[in-house]
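From first to last, the protein sequence lines stand for chains A and B.
Note that the working numbering numbers the first sequence so that position 86 is 86, with each residue one more than the last.
Note that the working numbering numbers the second sequence so that position 24 is 406, with each residue one more than the last.
Note that these hints are calculated values from the structure, not bench results.
It cannot be assumed that every hint is accurate.
Unchecked claim - Taking lysine-lysine pairs in the DSSO-like style, the calculated list, with each CA pair at most 30 angstroms apart, reads: (1) A:Lys117 <-> B:Lys881; (2) B:Lys882 <-> A:Lys376; (3) A:Lys376 <-> B:Lys506; (4) B:Lys882 <-> B:Lys506; (5) A:Lys44 <-> B:Lys742; (6) B:Lys881 <-> A:Lys376; (7) B:Lys601 <-> A:Lys197; (8) B:Lys742 <-> B:Lys662; (9) B:Lys506 <-> A:Lys197; (10) B:Lys634 <-> B:Lys686; (11) B:Lys882 <-> A:Lys117; (12) B:Lys799 <-> B:Lys595; (13) A:Lys376 <-> B:Lys595; (14) B:Lys662 <-> B:Lys506; (15) B:Lys601 <-> B:Lys799; (16) A:Lys376 <-> B:Lys504.
Stated by the list, open to error - Each pair of labels, with its calculated beta carbon distance range: (17) B:Arg775 <-> A:Val350: 41 to 47 angstroms; (18) B:Ala867 <-> A:Glu202: 34 to 40 angstroms; (19) A:Gly243 <-> B:Ile818: 48 to 54 angstroms; (20) B:Val670 <-> A:Leu248: 55 to 61 angstroms.
Since the model is a prediction, treat every value here as computed from it, not as a measurement.
Where is the CB? At the ideal position from N, CA and C, for every residue including glycine.
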Amino acid sequence: MDLPIDFATLRLIWWALLGVLLIGFALTDGFDLGVGSLLPFVAKTDEERRMVINTVGATWEGNQVWFILGGGAIFAAWPFVYAVSFSGFYLAMFLVLSALILRPVSFKYRSKRASPKWRSFWDWCLFIGGFVPALVFGVAVGNVLLGAPFRLDSDLRSFYDGNLLGLFTPFSLIAGLLSVAMLVLHGAAWLSVKAEKGPVLERARLYGTIAGVLALVLFAAGGLYMAYGGVGYRITGDLDIQGFSNPLRTTVESASGAWLDNYGRYPWMMIAPTLGFVGAVVGLSGMWLRSAPLAFGGSSISTVGIISTVGLSMFPFILPSSIDPQSSLTVWNASSSHLTLFIMLVCTLVFLPIVLIYTSWVYSVLWGRTSTAALKTNPDLY
Amino acid sequence: MIDLAVVDLSRLQFALTALYHFLFVPLTLGLSFMLVIMESIYVMTRRPIWRTITRFWGTLFGINFVLGVATGITMEFQFGMNWSYYSHYVGDIFGAPLAIEGLMAFFLEATFVGLMFFGWEKLKPSAHLFVTFMVALGTNLSAVWILIANGWMQNPVGAAFNPDSMRMEVTDFMAVIFNPVAQAKFVHTVSAGYVCASVFVLGVSAFYLLRGKHVGFAKRSMTVASAFGLAASLSVVVLGDQSGYALTDNQKMKLAALEAMWHTEPAPAGLTLIGIPSMKDRETHYGVHVPWVMGLIATRTIDKPVEGIFELVATAETRIESGVIAYDALEKVKANPADPVARGVFETHRRDLGYGLLLKRHVADPRLASPELIQQTAWETVPNVPALFWSFRIMAGVGMFMILFFATAFFLCTVRKHDTRWFLRLAVLAIPLPWIAIEFGWILAEFGRQPWAVEGVLPTFLGASSLTVPQLWATIIGFTALYGALAVVEVRLMLFAIKKGPFHEQETFAPAPEAPATTVAAPAVA
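Model the full assembly from the supplied sequences, consistent with the hints where possible.
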């Protein structure tokens, strides 16, 4: 069947859409995770905690779909990546899933009982449900940059040589903490938009400022490690970007510093790390100046910049292999078939705008700060 | 070689997490539409009692809904975690419906569900009804796509194996979407969800009526549930799952196994009502037969035969032999992708490749299998007959009972005898029944699919990830502990909410707008 878009272009589009989904997840569910991580620290009394929870109470469920959809889209468009990464990072995935399973339940069940012990228990579950995924996602991205210890046999079955503790290296911890700092800044920025003015907001400003500074430092440290830490991979030999998806038909070598190659070749890509830094600085100034739009806008830009930096640095790699570079998964060898990518693109072009329209409508209906006073009169709040 | 302990534990984990997930899904599917019905009555009549009814069942819906969402997260990622080779092998087809489900359905339901709970004061009644309807639409569309994915595992249409990428690739996406097995499954599954929710609403209302509490509320809820339940229970059985059973060898095998029909009978085949099937003796002892019925149900004709297990095993044997030829050709293509002869041979035998792979359970290279091994492997295409036989009877028995049950309920509501005590007691006792039938239905569908992950394409044991036994025990124990604890919490919160009743919230919050700030309010409840 003749399709209007060629295979290589579709692969490129789906690589970009993968980025869009990850950024969508980080921008929306990201502040939910950040608010969860901040909950025990910015809110002390039960009233304050309920107020903080209700700033995301009505929308976290929809935001979380970005994560689910991310899983589904990787499955559909990058089945190799789905198969290799989730089985390889097996116990790390289990940690994330457990934390994310606790989160919906905690939101819904926390305020169903008056007992302080009951409520405190679920508050900590909300903290775990925010902090653990934020950390593990970052650690996972760090490991993707380093290369994962897997190899493919001639049936393209993947074998993995690592373990859970092996995921925690100095570089991946930098990435993990950067992810936490980035999302905590974003969460604090959300509270500056949505929480009522008062002590909670002041504490959020404090923690947001700390997180913003940490994000700047860790992002710079990660960049230095990529330059001098001896990481990176490079494709050698012929490349058939229109060919069948079979990773074993590409030759790859590990090459120190190769993650910076793209910035030399395509200088415009420098815009991504620049946004990462500038956004965080804008976010911080929003915190100092008590400007909610600056804080939230800045943390959003920073998030977009940081995630794009990872993707652009690695291009065309998606998941390199550290023990058998030959098995590395790239944009050109790990996608679905031409037809599937095309069908999925059509579906995305039809449905994603609809999703964005009704999501905006829901946010506009719920517009306005959440107040502690409303907790006494509105039976619908958590 | 594949570690079969890892395969068995992966299957155990999938069964546990999927069956657990599906304790919450049916109630979500059905209750969401019942909320739409209840709220529509409110919007049309503007009588506050209907608002109370909608909000109360909405509270119970919410407690159930979050666990469906939470356990659904596991389902979306578990294929990659535990079934890595499966994900690679069929991801090109199987991934698409899962992604579309997220995009088209889950986004809809999850985005609007927050507004459904939080938007009562912010929206006009008609706008809120629209939101509730979007939630119901989203949940049911979600079922469409998940069952398209599952239907493809039962009847893998519209796809072919590509020797260059060593996986199945889509050839006709429309065939995947309009897979007749998927359509039958969708109607069957959502109808079962509607029955489940009706039994739940009816049972809880009956509990209130037995106690003489919230009588007006309970009678109205009971009326909605009995009408909705009667329609749904008829739909489950009449538009049931049967229509897809004549399509593939495995579906035929599943039918033969659930009926314990060892040999092909002359058309129209009879039905074994009850008996004791034995895998060892390959026959059914003490069978009670009803002539004709089976042929009518399975083929909807009186002249087509229904194939028996022995005959289907013989077919499987030929297909395994052909599969070995396909496997040999594929190995040659792998060694030399340009070999035209091997590619030609592979094309001829491609549809039997999966049968050849079945031999990998016993030998690393299927080409070395002896005729005895091929025969033994052919018998391994028979799923566990007694398990299927009894699962089917439990499921179908409950299904038939549900029709009688709702017909009675509908009759009693129509003649305004809501307070018939024997029926109310029965209604409370009947609450667990739909869950039992639904879980056995899934056991029938998926256990009956064995030894295949995807019918005729990929054996289950080949689909697993290269994990270790300790890793699997860690997650099985972890999920079991987490899920077990959440189940206890869930049931207790449900009972707590039911005990407090539908008017609790109004007693707590009604005077709020005029009340002075010093009023000591009871703890608020969402």
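Take a quick look at whether Lys662 (chain B) and Lys506 (chain B) sit within 30 angstroms of each other, Cα to Cα.
violated, 66 angstroms
Below or equal to 30 angstroms on CA atoms is what counts here, so check Lys634 (chain B) against Lys686 (chain B).
It holds: about 13 angstroms lies between the C-alpha atoms, which stays within 30 angstroms.
Hint check: Lys882 (chain B) vs Lys117 (chain A), CA-CA at most 30 angstroms. Holds or violated?
holds, 21 angstroms
Run the distance test for Lys376 (chain A) versus Lys595 (chain B): straight-line Cα separation, threshold 30 angstroms.
Holds. Lys376 (chain A) to Lys595 (chain B) sits at ~27 angstroms (cutoff 30 angstroms).
Just to be careful, I want the Cα atoms of Lys799 (chain B) and Lys595 (chain B) compared with a cutoff of 30 angstroms; is the pair within it?
holds, 16 angstroms
Are the Cα positions of Lys882 (chain B) and Lys376 (chain A) separated by 30 angstroms at most?
The hint holds at about 19 angstroms.
Given the hinted pair Lys601 (chain B) and Lys799 (chain B), is their alpha-carbon gap at most 30 angstroms?
Roughly 10 angstroms between the alpha carbons, so the hint for Lys601 (chain B) and Lys799 (chain B) holds.
Just tell me: holds or violated, for the beta carbon distance of Arg775 (chain B) and Val350 (chain A) against 41 to 47 angstroms?
holds, 44 angstroms
Against the 30 angstroms threshold, does the CA-CA distance of Lys882 (chain B) and Lys506 (chain B) hold or violate the hint?
Roughly 27 angstroms separates the two Cα atoms, so the pair holds.
Restraint status (C-alpha distance of Lys881 (chain B) to Lys376 (chain A) at most 30 angstroms)
The hint holds at about 22 angstroms.
Has the given pair, Lys742 (chain B) with Lys662 (chain B), been kept, meaning a C-alpha gap of at most 30 angstroms?
holds, 24 angstroms
Take a quick look at whether Lys601 (chain B) and Lys197 (chain A) sit within 30 angstroms of each other, Cα to Cα.
Not OK: Lys601 (chain B) and Lys197 (chain A) at ~47 angstroms, beyond 30 angstroms, violated.
Hint check: violations occur at hints 5, 7, 14; the rest are consistent with the structure.
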